[in-house]
Each structure stands twice: as structure tokens, then as C-alpha cells.
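Residue numbers for the sequence shown, in the UniProt record's numbering: 1 to 145.
Hints may be right or wrong, so weigh each one.
Distance ranges between label pairs, derived from CB positions [stated by the list, open to error]:
hint	residue 1	residue 2	range
1	Val-17	Pro-63	43 to 49 Å
2	Phe-51	Pro-10	41 to 47 Å
3	Lys-14	Met-56	53 to 59 Å
In silico DSS-like cross-links for lysine-lysine, where the CA-CA straight-line distance does not exceed 30 Å [stated by the list, open to error]:
hint	residue 1	residue 2
4	Lys-72	Lys-100
5	Lys-124	Lys-82
6	Lys-29	Lys-48
7	Lys-124	Lys-70
8	Lys-72	Lys-124
9	Lys-100	Lys-82
10	Lys-120	Lys-100
11	Lys-107	Lys-119
12	Lys-70	Lys-46
13	Lys-72	Lys-14
14	Lys-114	Lys-70
It should be emphasised that the hints constitute simulated quantities derived from the structure, not laboratory data.
What you are looking at is a predicted structure, and each value in this text was computed from that prediction instead of being measured.
For every residue, glycine included, the Cβ atom is placed at its ideal position computed from N, Cα and C.
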Amino acid sequence: MQLNTLTHAPGARKERVRVGRGIGSGLGKTCGRGHKGSYARTGKGKIKPGFEGGQMPLQRRLPKVGFRSKLKIDTAEVLLYKLALVEGDTIDFAALRAAKLVPSTAKYAKIVLKGGIDKKIVLKGIATTAGARAAIEAAGGKIEE
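The task is simple: from the sequences and hints, build the whole structure.
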């Protein structure tokens, strides 16, 4: 075998279709583009997504709805039973971050009821759900705003 004798496997390379080469080619004259219209023009084949032929597009006909709160995106949820991993009895946001219970991108934290807690803790500046608040207070802890 010589380098100059190497070729691609049969069928691996497909010849490109040469359009506009006469009536006998099957793709002469209009070259498979049909007559007139935007798709027959050069450089005009694509139309913008949502374009409806000049009619007011659906995304502009409908009203704007909804709102995404940045506060919700920046808040990390911490499960109640994981508070046992935090050292000390006073827990603030810095203590949660030190225990690696909240990601570095989070700006706020919220305690959610899952499992239980038997440790007496004091929460400072951390939001809680109603169920988590009741469980913490039942264990003898308290929540300071």
C-alpha cells in the first residue's frame, strides 16, 4: 500500500449537486427554487423566527406576563436536619457557608422543614418556613431577625 493509492471508501464522499446546468440535469433554469418569492432570491431564503408575512406576530400580539424574582434565584434552601452539621449553637449565614450548606453564589438562605432537629439552636438573620420555625421552637431554639 502506497500513500498515493489511498482513496476514500465507496459511498463515503458524495458529489455535490451542480444546479443550473441545463434542462437535462433535472435542476436547470430555476435550480429547484421554484418561481419568484423570497426563497427564490439570493440571500433572502431565511426569514426571521416568528415572522408571519407582515401580520403582527403572535409574540407581539400577546401581552407580557410574569416576573422572575432575583431574590428567589439568589436564595439557597437549607434542610432543617442538616443544621446539625453546623458547629456551635448560634447559626448565621456565615456559619452556613463555613459548613458548606449554601453555594458560593447564594446571597440569602432559607431553612425548610425536612427531618427534625433535637439541638437547641439560635438562628440569626435567616428566613424560615412556618413548619421549620415551629420545629426549631419545639426543640427549645429561637429565631432572631
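Hint check results:
no.: 1; hint: Val-17 / Pro-63: 43 to 49 Å; verdict: holds, 47 Å
no.: 2; hint: Phe-51 / Pro-10: 41 to 47 Å; verdict: holds, 43 Å
no.: 3; hint: Lys-14 / Met-56: 53 to 59 Å; verdict: violated, 43 Å
no.: 4; hint: Lys-72 / Lys-100; verdict: holds, 20 Å
no.: 5; hint: Lys-124 / Lys-82; verdict: holds, 16 Å
no.: 6; hint: Lys-29 / Lys-48; verdict: holds, 28 Å
no.: 7; hint: Lys-124 / Lys-70; verdict: holds, 22 Å
no.: 8; hint: Lys-72 / Lys-124; verdict: holds, 20 Å
no.: 9; hint: Lys-100 / Lys-82; verdict: holds, 11 Å
no.: 10; hint: Lys-120 / Lys-100; verdict: holds, 21 Å
no.: 11; hint: Lys-107 / Lys-119; verdict: holds, 26 Å
no.: 12; hint: Lys-70 / Lys-46; verdict: violated, 36 Å
no.: 13; hint: Lys-72 / Lys-14; verdict: violated, 54 Å
no.: 14; hint: Lys-114 / Lys-70; verdict: holds, 25 Å
Consistency note: the structure conflicts with the earlier hints numbered 3, 12 and 13.
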